[in-house]
Amino acid sequence: DAGVTQSPTHLIKTRGQQVTLRCSPISGHKSVSWYQQVLGQGPQFIFQYYEKEERGRGNFPDRFSARQFPNYSSELNVNALLLGDSALYLCASSPAGRNTEAFFGQGTRLTVV
Amino acid sequence: KNEVEQSPQNLTAQEGEFITINCSYSVGISALHWLQQHPGGGIVSLFMLSSGKKKHGRLIATINIQEKHSSLHITASHPRDSAVYICAVYSNTGNQFYFGTGTSLTVIP
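Residue numbers (the numbering used here), protein chains in the order written: chain U, 1 to 113; chain A, 1 to 109.
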């Protein structure tokens with residue numbers, strides 16, 4: 001079985017641009033969460049989606065948005081990129097009703113120059 | 001103040017040594033994970049705990065719910081154990097994970 005897959009693996013953008021990151025959960029998982037991990041820090045919660053609805057949001061500006069599709073895959077969008085948005089963006093999926101279980105993807109390394 | 005505190009931040013050990021990484025948290029939790037992150041980013045959950053103790057090979061994880069403390073032990077450490085170990089708790093009120101900043105472990109042959 002495929003695990004959580006994220007694309008792209010690496011990305012370089014310039015300040016002010018917009019970026020879209022993608023995540024495919026483990027088959028059968030309906031919950032997807034996004035995390036930002038700045039170098040040297042632990043991950044920080046950005047969003048949780050379940051059944052295409054936003055179920056939780058961390059302390060991130062409105063430049064960050066996400067959505068979940070009928071097949072439970074998800075996109076994270078970041079507008080008006082800042083240098084400080086450079087980070088590893090992690091996606092995790094969880095089985096329905098078991099949010100305490102999280103399976104992480106390999107992440108997307110975003111560099112903003 | 002971070003909801004999850006880990007210590008030490010960095011750890012260097014000789015191959016074969018017994019290693020302990022500690023985690024303290026301040027929120028009510030449904031579960032605690034010990035995660036392993038290798039260079040390049042991918043995170044793997046080593047253990048999920050809600051009480052007591054779990055063992056998998058050379059790894060042992062314990063949790064004391066009353067004291068809000070968990071430890072990860074590695075017996076007979078090996079260079080392939082070199083990684084960042086992150087403690088993460090699932091808050092039973094915020095319905096989200098909180099993460100420690102990680103412990104960078106280097107095991108020298």
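Check before you lean on any hint, since a few could be wrong.
Straight-line Cα separation of at most 20 Å, SDA-like style, residue types lysine to any residue; simulated pairs [what the hints assert, rightly or not]:
#1 LYS30(U) to ARG67(U)
#2 LYS68(A) to ASN95(A)
#3 LYS53(A) to THR20(A)
#4 LYS52(U) to ASN95(A)
#5 LYS13(U) to GLY40(A)
#6 LYS30(U) to SER45(A)
#7 LYS54(A) to PHE103(U)
#8 LYS53(A) to GLU75(U)
#9 LYS30(U) to LYS53(A)
#10 LYS53(A) to ASN64(A)
#11 LYS55(A) to ARG67(U)
#12 LYS54(A) to GLU101(U)
#13 LYS53(A) to LYS68(A)
#14 LYS54(A) to GLU75(U)
#15 LYS53(A) to GLU101(U)
#16 LYS13(U) to GLU75(U)
Stretches of chain A that chain U covers, calculated by requiring three or more beta carbons in the stretch to come under 8 Å of a beta carbon on chain U [stated by the list, open to error]:
#17 42–55
#18 58–69
Because the hints were derived from the structure by calculation, they are not lab data. For glycine and all other residues, C-beta sits at the position ideal for the given N, C-alpha and C.
Hints, one by one, checked against the model:
Between LYS30(U) and ARG67(U) the alpha-carbon distance is near 13 Å, which keeps this suggested pair within the 20 Å criterion. Proximity of LYS68(A) to ASN95(A) is assessed by CA-CA distance (about 18 Å); at most 20 Å being required, the pair is judged to hold. Proposed proximity of LYS53(A) and THR20(A) is supported: the alpha carbons are some 14 Å apart, at most 20 Å. This hinted pair checks out: LYS52(U) and ASN95(A) have alpha carbons roughly 17 Å apart, not beyond 20 Å.
Restraint check for LYS13(U) and GLY40(A): the C-alpha separation of about 19 Å stays at or below 20 Å, so the hint holds. Between LYS30(U) and SER45(A), the direct Cα distance comes to roughly 19 Å. Compliance with the 20 Å bound is thereby established for this hinted pair. Taken as a hint, the LYS54(A) and PHE103(U) pair is honoured in the structure, with Cα atoms around 19 Å apart against an allowance of 20 Å. Our distance criterion of 20 Å between C-alpha atoms is broken by LYS53(A) and GLU75(U), whose separation comes to about 37 Å.
Between LYS30(U) and LYS53(A), the direct Cα distance comes to roughly 29 Å. Violation of the 20 Å bound is thereby established for this hinted pair. Distance hint between LYS53(A) and ASN64(A) is fulfilled; the C-alpha atoms sit about 9 Å from each other, no more than 20 Å. Of the pairs offered as hints, the one joining LYS55(A) and ARG67(U) is violated, with about 38 Å between alpha carbons and a cut-off of 20 Å exceeded. Pair hint LYS54(A) plus GLU101(U) holds up; C-alpha atoms about 16 Å apart against a cutoff of 20 Å.
With a CA separation close to 14 Å, the supplied pair LYS53(A) and LYS68(A) stays within the 20 Å bound. Restraint check for LYS54(A) and GLU75(U): not satisfied, since their Cα atoms lie roughly 35 Å apart, outside the 20 Å limit. Between LYS53(A) and GLU101(U) the alpha-carbon distance is near 17 Å, which keeps this suggested pair within the 20 Å criterion. Between LYS13(U) and GLU75(U), the direct Cα distance comes to roughly 17 Å. Compliance with the 20 Å bound is thereby established for this hinted pair.
Remark: the region 42–55 of chain A is confirmed as covered by chain U, as 6 of its residues place a Cβ nearer than 8 Å to a Cβ of that chain, reaching the required three. Note: the region 58–69 of chain A has 0 residues with beta-carbon separation from chain U under 8 Å; the three-residue rule is not met and the coverage is violated.
Hints 8, 9, 11, 14 and 18 from the earlier list are contradicted by this structure; the remaining hints agree with it.
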